[in-house]
Structure formats: C-alpha cells, structure tokens
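**Q** Start from chain A and add chain B according to the hints.
In order, the protein sequences belong to chains A and B.
Just add 6 to the spot in the first sequence (first one is 1) and you have our numbering.
Just add 6 to the spot in the second sequence (first one is 1) and you have our numbering.
Calculated from the structure, these hints are not laboratory results.
Any given hint could turn out to be false.
Note: identical chains are not told apart, hence a pair may lie in one copy or across any two.
[Stated by the list, open to error] Below, computed lysine-lysine pairings styled on DSS-like, alpha-carbon distance capped at 27 Å:
| no. | residue 1 | residue 2 |
| --- | --- | --- |
| 1 | K128 | K310 |
| 2 | K291 | K239 |
| 3 | K128 | K371 |
| 4 | K160 | K301 |
| 5 | K26 | K291 |
These figures come from a predicted structure and were not determined experimentally.
So you can see what is in the structure, the chains are spelled out below.
Protein chains: 2
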Amino acid sequence: MASKLHSYAGKILRIDLTHKTATKVDTPYELARDFVGARGFGAKILWDELKPGADPLGPENKMVLSFSPLTGTSAQSFHKIYAMFKSPLTGGYFRSTGGGFFAAEVKFAGYDAIVIEGRAEKPTYVWIYDNTVELRDASHVWGSTVDATVEMLKEETDRDARMLTIGPAGERLVRIACLVTDDYRTPGRGGGGAVLGSKNLKAVVVRGTKRPELFNPEFFNELVKEQVEVYKKSPLFEAFHSLGTNSIVYQFYTLGHHPTYNFKNTELENVEVWRPEVLEKYVVKHVGCFGCMIKCGKRWKLTKGPYAGLIHDFPEYESHWSFGSTTGVTNLEAIAYANMLADKYGVDTISAGATIAFAMELYEKGIITEKETDGLRLRWGDGDVMVELIRKIALREGIGNVLAEGTVRAAEVIGRGAEKFAMHSKRLELPAYDPRAAKAHGLSYATSNIGGSHMIGWNKYEILGMPERVDPLAVEGKGLLNKKVQDQIAAFEAAGWCAFAELVQTAGYESVEKTMEWLGKILYAATGVEEFKDSNYLWLVGERVYNLERAFNVREGFTRKEDWLPERIQKVPFPRTPAKGQVFELDKLLDDYYTVRGWDVKTGIPTRKRLEDLGLSYVADELQEAGKLA
Amino acid sequence: MASKLHSYAGKILRIDLTHKTATKVDTPYELARDFVGARGFGAKILWDELKPGADPLGPENKMVLSFSPLTGTSAQSFHKIYAMFKSPLTGGYFRSTGGGFFAAEVKFAGYDAIVIEGRAEKPTYVWIYDNTVELRDASHVWGSTVDATVEMLKEETDRDARMLTIGPAGERLVRIACLVTDDYRTPGRGGGGAVLGSKNLKAVVVRGTKRPELFNPEFFNELVKEQVEVYKKSPLFEAFHSLGTNSIVYQFYTLGHHPTYNFKNTELENVEVWRPEVLEKYVVKHVGCFGCMIKCGKRWKLTKGPYAGLIHDFPEYESHWSFGSTTGVTNLEAIAYANMLADKYGVDTISAGATIAFAMELYEKGIITEKETDGLRLRWGDGDVMVELIRKIALREGIGNVLAEGTVRAAEVIGRGAEKFAMHSKRLELPAYDPRAAKAHGLSYATSNIGGSHMIGWNKYEILGMPERVDPLAVEGKGLLNKKVQDQIAAFEAAGWCAFAELVQTAGYESVEKTMEWLGKILYAATGVEEFKDSNYLWLVGERVYNLERAFNVREGFTRKEDWLPERIQKVPFPRTPAKGQVFELDKLLDDYYTVRGWDVKTGIPTRKRLEDLGLSYVADELQEAGKLA
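Chain A extracted, bound-state conformation:
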C-alpha cells in the first residue's frame, strides 16, 4: 500500500516517439523507497526495461531523465539532470549528469522522471507545459547548433522555458555527442546526444508551474539552514565560488596526477598559464545552477587573438585538460573557443579533446599523416588545428568522421597499432587524472560501470586528502576505499546531488559520515519515507544502485576483462614527480576490490548473496536464468 510520497512530483512521464504517445504513471512508492530518485531511478528503469543486446542507436534504447525528491526544493545543489541510457560509446549502462535549470523545471511541471523510447519518424521536439505534453515538428531546427536551437524553440514555446537539446553532432550520431541544456550545463559523456539523435529527438523543452510539497517543512528548513552554514564555513566554498574548477588546474598539475600529452606525461610546456591568477583575468561573470549558492560557473571573455569577441562558459577543469594539457595546447583563447564550439555543436569536451590528443600522438608516431588528416598537421599544442578538428568531428567531415567514433573505434578504422594510443576504459576516454598517480581513483576508472569516468569514483581522499589524507600511491586498502567512494557517490547521485556541492559540504563537516547523516535527514524531512532517516540505508542504496548498474553490464556480457586500463597505464612508469616510476597494478587492485565488493574475483560478477543482501534477488534470478551469474 503506497503512502503519499511527499516532495516527489508524483508522476513519471513516458514518451514513446514511435507511437507518438505521452503517458503518465504514478511514481511507484517502492521505486522511490528502494532507489530514492535520479541515478537510482535510471538504473532501475533501464534494468527493468532494456533488453540485453539492445542497439544503443536503435529505437529499443531508452533515455531516462530523472530527478530527486530534493530537486526543485530550497535544498542547495540538488537540481541536476541525471540522464541514463545504454551508451553508443561503451555499449554498456551509462549515467551522464549536467546542471542548469532544466531539472527543477521538469519537477515543477510535475515529473520525477521522463522516459524517452522509440524513434520518431521525422525530427521532433517535446514541449511540456505542466500536464500538457506535445510532440512537435523539429525539422526547422534539425541541423542547427545549440544556441540557434535554444533561441528558436524558446521563441515558439515560452521565453522562460528550459531545455535539453542536441547539436549537429548528436544528429549525426557522433558517438561522443552530448546533451546540452539551454545554459550549456551539459550531461557530457557517453554519447547521450547520439541516442537522442538516433531517435530523431532534437530537444525536450519544459515549463512548469508547480512546486514540491514537503513532508516536514520546518525540519526541512532547519536542515537547509544548516547546509548553508556548512557551505559558508567550508574551506572549498570560496575556491569553487571564485574560480570554479579552474582554481585547481595548476594545483593538480603540480600534484602530479594531471596527465599531459595523451598520458605520456612529460612536463607541459608553458604550464604557467594554468595558474589561477592568469585564468581569473578572463572571468566576467559568476553563474550558477538553480538553487545553488556556490555558483561555480564562470563566464569567460576573450578579447585577444583570432577568437576575440567570445563570452561563454569557461572550460571546466576536465575540459581545460582535454583541450589543454593532453593536447599540449596552452593557448587559453583556443581552449575557450574549442570549449564553446564543443558546447554549441554538442560534443563531449572530454572525449573530444582526448580523441584529438590521441590523433596528435598517432600523427607524431607517423601512424597517420596529412593524407589521412585532410592536410592538417596535428602537432601537439596547435590550438587552431584543435578548433578545426572539433568542427570536423561534430560534422563528421573527413578525419572528423573517423574521430567521431571515439578513440577505440577510430583506432580500429586506422589500424597500424593505433589502439595502443587509445587512452580509455570500456571505450570511454580517460579524463584528467592519471591512474598511476592515484590508485583508488584509477581503480574506479577501471571498474566504473560507465567506463573511464572521473565522476563515478572521484576519490577525494586521494585527490584532495579530504576528509582525511590517503596516500594516493599506495595499493593497500584501495579496493575498500574505492568501493566506499563509489557507493557514496551512487547514493548522493540517487538523491540528485551535485558532486562539487557534496565536496563542499563534506569539507565543511570534515566528515563523509556527517554529510550522509544530514542527507538522510533532509530526504526524510522532504519525503516522509522512514527508511531515509538512517544514513546506513543510504549507503545501502548507493551499493544497491552500483550493483544493479554492474548487473546491467553483466547481462550485456561484461566481465572482469572489461575492467581494464591501457597498457601505458599498466606498464609504463609515470615520468613526473611525485608519482615518478609508478605503474598501475591492475590485477592486484581488482582482486582486492572484487573481494570487498563481495563479487566473484575471477569474473568480477556480483554473487547471488551480495545481490540478495542488497534487495536485488530478482537481479540474481535473471542473471542466473541467462547463465551469467557468477
């Protein structure tokens, strides 16, 4: 018997593009209780509904956009979009996340999740105004960049509407195409743009006028007040607020885990321009997502060089790296311009830069020449060439058509040993931390259900020494540490939280446990779901979500062999201090990790026992039936 779910919008909207229907069902109480929301909802819905072997670019794939009971409330920073789908890049489960105002607006329109399925006959966009849902012709904006699409669709819906859209890259099924919001807070990774593109869906546009109803508003407000106080006293608040993730680029370079030149990791020429005092000169405006006082977004203005005139969101830490350190480009104007182009054409900044760096290394090694590159000289550090390649990737033009497939598939096309230089895990390009210099963090790259992602197991203990310092180079205990971080992140992402914000709050409390206790309380105050009160339950939800995602991939045929990192990471000693000489001890770390996960060590597959402990016996049953249980 379902109790009333306070603070949830109460409905899940299902859009079937093939049959041109929009249906609404009540958000099931059990779904809410067991998976909280956001990433949790996505994992469960994809497990339930996606047939194994489904073509990621076929009508059978689904895109779940889901939100949390805290989305759209006054709780700080819980207003992110979580987008879950089967990835055309990795072939497995994917969760991608972005910010802005879209999530809160969907909640205001009355939905905890939107499930998009099927395939429209012709270019379409969805216009949601509260209870009204229309599928509209998008032929006129098909092919257009994000800025043009946003302008056109706002004009014909509502000037205050919010939207999630794709650029030309998504339409062209570029496997590293992203989803983009009207304010460029992109759910970037995993090829979500290509999934919408394959469905002929240009955008989801939404306007909502409802507001969440809280279970215990007084208690809730107290907890928000506490949160604001903790944010303010947090040592990370000012750094995020003043310069966003740009504040750490130079620091992380000096800490030695920041990769350069496609993970060759020689010293980066001209790295001094990464210093905060250089970067901050470009900032003209601080911008934030809905309901977040951190305002980590910085708008940059370019006034010099061929790219002068631009004002756009600055490249985040990872994009700074992908368009900077790993391509060797230290021309800040070119980096910012590349970032803007990627946003407007709808390409994942991380994978785009990483793929360009991969191509630059192939060019350096003579594996590709100007014959294959449409005459471009792909030299390290050439920002203009990088800018040109982004456009080519997005439009699948010449060499761009090869690189649009991501490093692994591009390497297959190119041959001649190119695959050795594809720096990826599960075909997702590795981001801006070298696994050799941060072992638990690297272990998460290897074991992440979505491939080489920095978000799934961003190891604050190793990277920031926070809430307590852990030696990043040590191997001992890293299985447990990685599990803990992965589960915590899965838990707070099921609550729709922002990873930056969680960092700020945890730094304020100097304790992860306190953060989770607070999270349990506020989820309870919002929803009235008794289970949420106990933070141990949230840890369990995190582990449940993580295992369910894993099971999704197992059902697709993933085993231990997919938990992999490139030869360079495993065998080539890291050249820079302080990680000099380090390699990544993959097998040892995996054994440890699987053991603490309670998974079969040989295959990396969750055991029945573990799944049952997590309330996932139906998952064990299905895997067993498919002969895929350990």
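**A** Chain B in isolation, oriented as in the chain A frame:
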C-alpha cells in the same frame, strides 16, 4: 505657445557621457511640426548642435536616435530606428536605419529621441527603464560579440529589454562598423558603430511600459484598417512576406542593374543559385519587426558544408550582393555565414563585402599580393577567404586593419593606383545597383547627403517600374525624378516609416500621391498637428529635411565636387544587357538635378531663396556668415 503633442512620447533624452548626466526636455512643438520626427529630428538636432569640423570619432560628435509619432502605435511598419550622426567614413551628415523592436520600446519608455554626446571614461552602457536612466559599467562586455552582449545585458537588466549595441568592430573604431539591435536589425551604414565605440558606449538597453496617446483614435484606427487592406492587396506584399528581399536577387541580376565583381560587371558564374527556389529552401522562419505584418525577415539554416549548424537572419538583397555578386562568391553557405559574422562582430555587411571585393580586384591586378594579405589568396569567389577577412576587418588584424578603414582610406594606405578600384561615393561604398543601368538611382548615389546609399533615393520608378515605368537608361528628366524620390523618402523617413513598407503600400495604391495623402491623414489623426493633414506639407517637410542635410555638408565644406561617382561608372561602358554600352553622364545629370533643386548649379549649394522657401532662413544665415552660401 505649444499645443499638446498627441502620440509623441513628449520627451527628448540627452545622455552626456562625459559628465555622466541624463537630462530630459519636452519635445518642442516647433520641432515636431517642422520636422515630424525620426530622420527629421536628427537632421535638425545635428544642424543645431554639431560644430562644423567636429571629429566624427571625438566626444564632440553626437548620435541622435529618433523616432516618430507613429512609432509604437498600431500603424504598420513605422517602428524603425533612425540613427543620425557625423560619419567617420564620409566625414559628413549620416542617417542610418534599422528595424526590430528597439524603437517602439524607447517610445514606450517615454522618449521621442535620445541624443548621445561626450565620451565616457570607461566602457559604459545605458539602461533605461521608463523614467529611470542609468549609466552602467560595461567593462565586462567590452570586446564581446553582439550575441554575447545581448545575453549578458538582458540577464542583468530585463529579459524583455531591447537594445542597440556594437560589436568588437565598433569598439576598435572600424570605420565601417555598424549598430546592431538585439535581433540583428542593424542600422548598418556609415560607421555608427565606431561613433559609439569612440564614446566608450557599448549599448543602449531599454524597457518601457507607456503607450502613445492618439489625438483621434477612431480616425486613426480607420486609417490603419485601410493600410492593412492596401498591404494585403498590394502585389509586393506576398513577395516581401514569402522571401523578403531575397525574392529579387535573381530578378535584379537579370534586369542588368545588379553589379558583379566590383562593378566590372561580367556575367556572374553560377548565378543560378540566386533563384528564389534555391534560396527559399534555406528559410526556416519568417520574422518581422514590431508592428509589421510583412515580416520580411527570413531566418536561414545551414545544414551542409563547413558552416553547417547556423540559424541566423538571412542576408538581405544588399548583403547577398556584397558577400555574393560583387565578390563573385556563390557559395550560399559562406554568404550566410559571412552575414552572421558581420552581424555578430558589428560590421556593415554592404561596406564589408564591397571592401573585400575591392581587395579582390587589387589582388587580381597585382596591386596587393600575399605579402600584404597575411598570406591569403584573395581570389574572386572564394567564400572561405571572405569569411576570414570579415573577422580580420572586425578585429583589425593584419590586412583587416587596412580594410577596416573602408575602400577610400584603404586605397590611400595601399597606393599604387588602388583608388581607381574604390567603388564609392563620398567614401561610402556603393551598393547593389549600377548607376550606369539606372540613371536617377545613380544620380542619388552621387548626390545623396550620406554618400553612395541605395536607400536615400531608391528609385522605384526605374528599378521596379512602379508606380509607373520610367526608362532607367534615359537621362532626360532624371534630375526631377531623383528630387521627387529623395524628398518623398525624406518625408516618410521623418515619419519613421520603413522603405519596404512604403513600397508595398504604394504598389497597393498604384500611386505615390495616395500614399502621401494617407500618411498625412494618419500623422494628423495621431498627433493633431494641423499642418500634417495636407500631404503637400509632407512633401515640403521632405524637401526641408533634404536641404537641411545638404546644408550640414556644405557647412563641412562639401560642394559639387563631392557629388561624384567613380571613373569606372562614368567612363567604362556597362558590358551586360540591357544596359550594354551605357556610361553614367554625371555632369549632365548634376546640372539638371541642381536646377530642379533650386541650388546653385556651379557649386551644388542651396540658394538663400530655396532655403527660405523651405523655412530654413536661419540655415541660409549661418551658411552666409561662414561664407559658404552659394
């Protein structure tokens, strides 16, 4: 004793950037009666207030933005911006006009005109909300393109605000820089962007909540109803509505007065792409200005080639020519992209394209080589090079720094006989009609107070055979015809009307006289100014405005010698049918024109008698005192 001025906003706003003041004075009754508004106000205010010899880029120059009693009413198409200033390109009087929603918004805020003077110490923008006027810091948007500026300034003022702004080109004092509205309806010509740039003024942002009060609403509404009926039955309505000025590009090419290759006028290769059926495929949206049912603006989408992704206002007939026929570029994608870049960087599309065509001819003739062009090969028809040159002009980069000065000054820098290829009159680049193929129209190029403009004397008799056909190649009677057209345009521009709209209405009536009668009636119905009732009075106002503008230039030292057209136009026979063999008989046409104008034939200076007949005896007095009267 001033009667109440109905339908006028009632105030003139004066912004002194040097002293950081904003003052409001009542709109003088005599000014309204004698000059109606818009272009008329600008001519009078500049005559009264600008000292001869004032530096166009000095604080002593003024920018008058003025509107009409019909602006912001339900009368169709009277909602244009008229911007008057001393031009940094021509050194003389200038009037530039654009559309959009800015003019109506200023009227709603309560102003018939805004006079901008002085020079701000640092980058500034003006924020007007009804009676409240603020001068605000614009450092954060200084250097930014128009799209970024619009986004930033709307965010910090009002999402529904309207604005007139400049791009990087205006800031860099590019002499062909334009003013741009938030919706890209640019007052393009004459370097208005550089005037604001020289004043450190990035934008005028406005939001208004008032509405004009009509003298006789019933009569007024009847006249608007009549106007709508005439529009609808007009043979030009559908052409303007369906494809805007793009509908005539191919037609005008075939009529033979459409210049090619910097007025060399050989047949244009690949001209078939100018056909309406090709162009209309690019249109994704019809857009219009405030209060205009014609909606002549077309948004184009590009889906092919390196510029794919763009949606932007299509290139108008003139821009189509400047980025197309005169540069020989028939790559429509490059033309549309060039047009967008010019809008976003804030460069006049006509002068930019014409200056690039000039450079291409210099390159063809070997007068400039790759040494002077930063390695670019300026070959006719190369759209990619054209696109690159626009950016360079706007940013004053390399060869762009030379071309940013316009053809005449660029020719002075380049030397080696380059001036022969500068196709201009009074240093304003000639637009998309060849004077040899339309003599009265060409005579207006030569005699226009703002230099080689198509708008000042757009000769519908010659170009469209409308309202009656006149042989465009004939010389006889063209002085009178040109005078009539110039005066009529000055009259309806004093009323703030749009030239396209006047064409539609006149085609509907099949009579210019009927149009002017209707205009007199509606001005009277709106304002209650008795004089306006009589259309003869409006013709007089037109001539008054025209003579006052002329007097402004005379005061600056202009005489008959400035009423000039290039040697190529005067001496080289036109090569294409039907104007084959024609040259432009400048002296003969000038003699005729001055005679019918009642000006001194030798000097082209208005006589005292003529000025007195027009109520401009104070002008005659001042010119006489300066020793400049004929």
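**Q** All hints, please: hold or fail.
**A** Cross-check of the supplied hints:
1. K128 <-> K310: between (42 Å within a copy, 18 Å between copies)
2. K291 <-> K239: within (23 Å within a copy, 51 Å between copies)
3. K128 <-> K371: neither (44 Å within a copy, 51 Å between copies)
4. K160 <-> K301: both (24 Å within a copy, 19 Å between copies)
5. K26 <-> K291: Intra 42 Å, inter 25 Å, cutoff 27 Å: inter-copy only.
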